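There are 2 protein chains.
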Amino acid sequence: MSKVNQISYRHARPFGRLPILSVSPAVENGRWPAKAYAGEVVPFAATVFREGHDALAAEVLLTSPTGTQTVHRMVAGAPGSDRWHTSVLLSEEGTYTFQIRAFADDFETWHHNASVKLAVGVDEELMMLEGIALLTRAAAEKGRTAANARNLVELAEKLGDTSRSAQSRFAEAETKAIAKAIANQPIRSLITLSEDFEIKSERSRSGVGAWYEFFPRSEGAKFDAKTKTWTSGTFKTAMKRLPAVAEMGFNVLYMPPIHPIGVAYRKGPNNTLTAGPQDPGSPWAIGSEAGGHDAIHPDLGTEKDFAAFVRAANDRGIEIALDFALQASPDHPWVRSNPEWFTTRADGSIAYAENPPKKYQDIFPINFDNDPEGIYFESLRIIKLWVSRGVKIFRVDNPHTKPVAFWEWLINEVNAEFPEVVFLAEAFTRPAMMHALGKAGFQQSYTYYTWRNTKAELESYLTEISKASSDFFRPNLWVSTPDILTEYLQFGGPAAHKIRAAIAATASPSWGMYAGYELCESVARPGAEEHIDSEKFEYRPRDWQAAEKGGRSIAPYITKLNQIRAAHPALRQLRNFELHHTDDSAIICYSKHLAAEHTESGKADTVLVVANVDPHAVRETTVHLNLAKLGLPEGATFEVHDLITGETYKWSTDNYVRLDAFHEPAHIFKIGKVL
Amino acid sequence: MSKVNQISYRHARPFGRLPILSVSPAVENGRWPAKAYAGEVVPFAATVFREGHDALAAEVLLTSPTGTQTVHRMVAGAPGSDRWHTSVLLSEEGTYTFQIRAFADDFETWHHNASVKLAVGVDEELMMLEGIALLTRAAAEKGRTAANARNLVELAEKLGDTSRSAQSRFAEAETKAIAKAIANQPIRSLITLSEDFEIKSERSRSGVGAWYEFFPRSEGAKFDAKTKTWTSGTFKTAMKRLPAVAEMGFNVLYMPPIHPIGVAYRKGPNNTLTAGPQDPGSPWAIGSEAGGHDAIHPDLGTEKDFAAFVRAANDRGIEIALDFALQASPDHPWVRSNPEWFTTRADGSIAYAENPPKKYQDIFPINFDNDPEGIYFESLRIIKLWVSRGVKIFRVDNPHTKPVAFWEWLINEVNAEFPEVVFLAEAFTRPAMMHALGKAGFQQSYTYYTWRNTKAELESYLTEISKASSDFFRPNLWVSTPDILTEYLQFGGPAAHKIRAAIAATASPSWGMYAGYELCESVARPGAEEHIDSEKFEYRPRDWQAAEKGGRSIAPYITKLNQIRAAHPALRQLRNFELHHTDDSAIICYSKHLAAEHTESGKADTVLVVANVDPHAVRETTVHLNLAKLGLPEGATFEVHDLITGETYKWSTDNYVRLDAFHEPAHIFKIGKVL
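Going down the list, the protein sequences come from chains R and F. Start counting the first sequence at 1144; every next residue gets the next number (the working numbering). Start counting the second sequence at 1144; every next residue gets the next number (the working numbering).
Hints were generated in silico from the structure; no laboratory data involved. Some hints could be false.
One copy or two, either will do: identical chains are not told apart, so a pair holds if it fits within one copy or between any two.
Unchecked claim - In the BS3-like style, the derived pairs of lysine-lysine whose C-alpha atoms are separated by at most 30 Å in a straight line are:
| id | residue 1 | residue 2 |
| --- | --- | --- |
| 1 | 1502 | 1260 |
| 2 | 1260 | 1501 |
| 3 | 1501 | 1301 |
| 4 | 1447 | 1502 |
| 5 | 1447 | 1527 |
| 6 | 1383 | 1365 |
| 7 | 1703 | 1447 |
| 8 | 1502 | 1301 |
| 9 | 1703 | 1260 |
| 10 | 1285 | 1527 |
| 11 | 1369 | 1319 |
| 12 | 1813 | 1746 |
| 13 | 1703 | 1371 |
| 14 | 1816 | 1383 |
| 15 | 1816 | 1692 |
These numbers come from a predicted model, not from an experiment.
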């Protein structure tokens, strides 16, 4: 076909001999690498088809970061869709590459035609001859093992034994040995390769983690009623909270900015404009005479104290995530050293943050266009500095108020040297921007989860984040933040808090919780979707022990959720989320299944969640399970063990459920033995 | 930013300063050019957004095939979507290229901030200074016209006149003259360009046409009852039918293959295996001693007769479309000259078509892989030969049984030399293949229209083909073919035939009809979705005049439909199809609107169709119009003129409709004057 190829195609990438389209995982057709994490089971798919009726097949040719090449046969999906599928567990970190290989499956074509014709006694000898020709050709192929070639030759000889009936000879083509030989080394022709695609497989923590947020200054803060003065908590006092955080099963501790806080225009309690001398200010108003983004707030301790805190956390299996809030208080050293990193107004003053007519005079936003080289490299320096201090996770504050191109540059720079560094985007904004930040490189993102409370909302959103956007947008389901206290939590009581945590912890491999959630703190600033007396502007020490003793804490429930996550690898996957139908408008049912081939134990792991999302009612319904999604045979009866209550039930396809929000609002079942 | 750019981006195509994503029209992100036709109004869209709150804007930079560059400002779409839109009428044939240009709209940002602040008396003088700085900078920009710069400088001076109140000075920024100056030459910064995209603008007939199909051998065929012999129709006798076809308003006449027909295994009436001496055979069994794909069936006439026929058709405004059926009868000259273009079986025989265990011994399928160079160039030779004989449209038979890559090669080769040649894909198969053929280059495609008969089916399908797939798949809505006679037509009578024609003719700019439809021929071969005594295997002369005189023909209705199409440019567009809601499950309502700026007359053209798709009933309902889609102001009352009956009604948003299938099953309204 040299002449045809040479003179004729006018596009860079015409169709190959067999069309291969819509390859997945891929982001914008390969413009950016797709995301995965080590240990993730990634679904591969492609639209592959051909002219006419002959059989075809498709494979994923996968090359791991260390250069290991593997071939994964795909299976045909829904009839008429021409979609082909397989799933592969990516075990390494680094960049995988893959191609889809389509080919005419010549043995299957012959086998199908022969079996149809022999069944009606047509062309019997001709089909034997066709088989012999095919097998003989295949046996001579380069790259076929000698044993395999021998199998084919022997089969060809049997097909040629005219002393036997065609049917009896054809039966030789249907043995297990032949099936295995053919499956191992198919007889391919019209081989067509797709383009190369990339998957960035990041470290497991990029995708899997239980996050806890606290303000270190609150942990151990003390108010002296006599002198009416506050003493800030420090890294040393906050360290005492680490065992409890670890015991609840959290493995990432995120702290709001730990840098010096500006004095100019400092905000008082409840975001008021005037701060008293005892008000510590918002940690996001970064920078004072004591330093900027590279410094530690003197109240919290020294660099050494921070190092000790990081060590203590790590010793308990907890990683530290720092806040990266790229903005400055008017007292930030940059304001004097690099005024070009801000915007100077026509009157010569430096512009503070505004959303006209609202003014935020305690914050100077960065200008990324005056001196991009300067601010880009200063940001890189700061991240690298904290990496050198043991921080490998950054929760980025409001990334959607900075250029997407900046983040793409910064994250790629950091990850090129430190691929283990994880960035979490705190962007609560429109979908296009949230998705773009994921494409630009953010390993994780906050989500709309807090505002998805009804069954219909949850079904739609959890499906979207586990499927449609999963190649570039990796959700971290936070049940609460210092900024968000939804009406659902304000008025739902402990039941609401349990429901939201149970769903977040099981539906997504990453979830998070802000301190106080376990105490069901839910008093809002009147008319706002925020906590009253927000910890952003005040010290807020909590008496954890008294709360637990008084039964006012759901910490034991949270602990159980994280234990279940630790015990069930299926919950540490994102893309295996599957809905099941229930008849009730408030009972949601979903499962996460991990096939035996993808578990360390070699046994399938399946978790089934049935939750009543109405925190004010007892609900009853029938749950209708799609057993195939649970890895179970059609019509099976099996045991389900409730990992919350310890109870065991006998279930099959259709099952009665009663969930009392005031008692246990959710079943979290492990699928047990088939009966 | 040189250092940043130089050392840092690790992808070929990182985000620009302002993100631009999901550009449309585009096929697979630009892998293939998008389709359009000269005269088509093409919607452009892109997802464009930025960090923070400042204003941004987007434009299409369009370069026509002759090199004319135009700029088209886009408007923001649904809130929160970050989609930007505009529509452009492409008037030239050839390849257009375009980019999306995003920019920070600095005047709008200043204007918004200033108006909000002035309203509450904040920062008044500062905003004046900011405005002056902005206008002064802009006035000095290269490329700004002197008049425009003067406008800006004058405004700056006015803003600086501190003897006036800030409000009064700001009012100067709100004059029409300033609005115009800014709209013409916006004040841009952070300019970001997307990649280049291509649109292949083909000749109008690629997208717009009314097609008629007849078998020339039937037109004028005569049966002699005495001798019981048939005399075939010829190009000369068929020519007599041309005036009637032209009068009905058709402008493409498609003829099944006109080549010599094989004798071996010739099929008899109703696809039986044995043909009598009087049976003419299927025109798709191409090739005999008289020649192959380059020859004309001796019964039809000579090359000269064909030329005369083409001329006669052209003289009446009708183009000839030939069938390109790439397959051979066993008698085809290729079988001897180039047996490598077929498949030789293990017994040395040439493989006929099969779908095991079914056999089609009268057809040898082509093998495209034995000698691709040979068969590719032979196909190219044949197409070019018929082009030289005056044929510029080819209806390709079963393209989905040949490699997609072959079609991509062939169509690109032909169009490189003859861009006016149009290929229509007759692929009735799964969506992936049908869409791939469109991407490969087919200008038009048959569709699932014949099997979409209910309101719900039509709403979904007509929306799909006019929107989602319109960049690559251009529908030709055939109401019938010699192969397809649906139950809807078998049992729906004349009402069904009128409904199907009315919808096809108005919903799509290309529609088609096979001879006999106007006579409502609807007797099926028992149990089949095909005509009894199919014309594929028999002569079928029709007494057109007797039928019309006897009132058994709906030709007058068909004529009216094509007249309406000719009079209304809105109907010659594909992508302007818009649904409106009706309360009834069988009454469908849709409109096609063409804005005044896109019509030759300079007046908007709007057609509104309301059709009862239940051919057995009288239906009543309320139709709820989306007036914006009709180019009408909210709440308007206006006249609608029924182009079928001539009646005029006064309509507004919600309108009562009664449609009697046995009388007039559809309203086709022209929107008249607003009252």
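When no copy is specified for residue 1260 and residue 1501, does a C-alpha distance of 30 Å or less occur within a copy, between copies, both, or neither?
between (80 Å within a copy, 9 Å between copies)
Given a CA cutoff of 30 Å, do residue 1447 and residue 1502 count as a within-copy pair, a between-copy pair, both, or neither?
neither (38 Å within a copy, 85 Å between copies)
Measure nothing new, just compare the shortest in-copy and cross-copy C-alpha distances for residue 1816 and residue 1383 to 30 Å and report within, between, both or neither.
Classified as neither; 43 Å inside a copy, 79 Å across copies.
I want to check one pair: residue 1383 and residue 1365. Are their C-alpha atoms no more than 30 Å apart within a copy, between two copies, both, or neither?
within (14 Å within a copy, 104 Å between copies)
Up to 30 Å between alpha-carbons, please classify residue 1447 paired with residue 1527: within, between, both or neither.
within (18 Å within a copy, 82 Å between copies)
At 30 Å max between alpha carbons, let me know whether residue 1285 reaches residue 1527 within a copy, between copies, both or neither.
Classified as neither; 52 Å inside a copy, 41 Å across copies.
Between copies, within a copy, both or neither: which fits residue 1502 and residue 1260 at Cα up to 30 Å?
between (82 Å within a copy, 11 Å between copies)
Should residue 1703 paired with residue 1371 be assigned to within, between, both, or neither, using CA atoms and 30 Å as the limit?
neither (40 Å within a copy, 92 Å between copies)
Evaluate residue 1369 and residue 1319 at a C-alpha cut-off of 30 Å and name the case that applies: within, between, both or neither.
neither (86 Å within a copy, 67 Å between copies)
Copy assignment of residue 1501 with residue 1301, given that the CA separation must stay at most 30 Å
Between copies only: 27 Å across chains, 87 Å inside a chain, cut-off 30 Å.
Is it within, between, both or neither when you check residue 1816 against residue 1692 at 30 Å Cα-Cα?
neither (38 Å within a copy, 78 Å between copies)
Up to 30 Å between alpha-carbons, please classify residue 1502 paired with residue 1301: within, between, both or neither.
Between copies only: 27 Å across chains, 88 Å inside a chain, cut-off 30 Å.
Consistency with the previously given hints fails for numbers 4, 7, 9, 10, 11, 13, 14, 15, ordered from lowest to highest.
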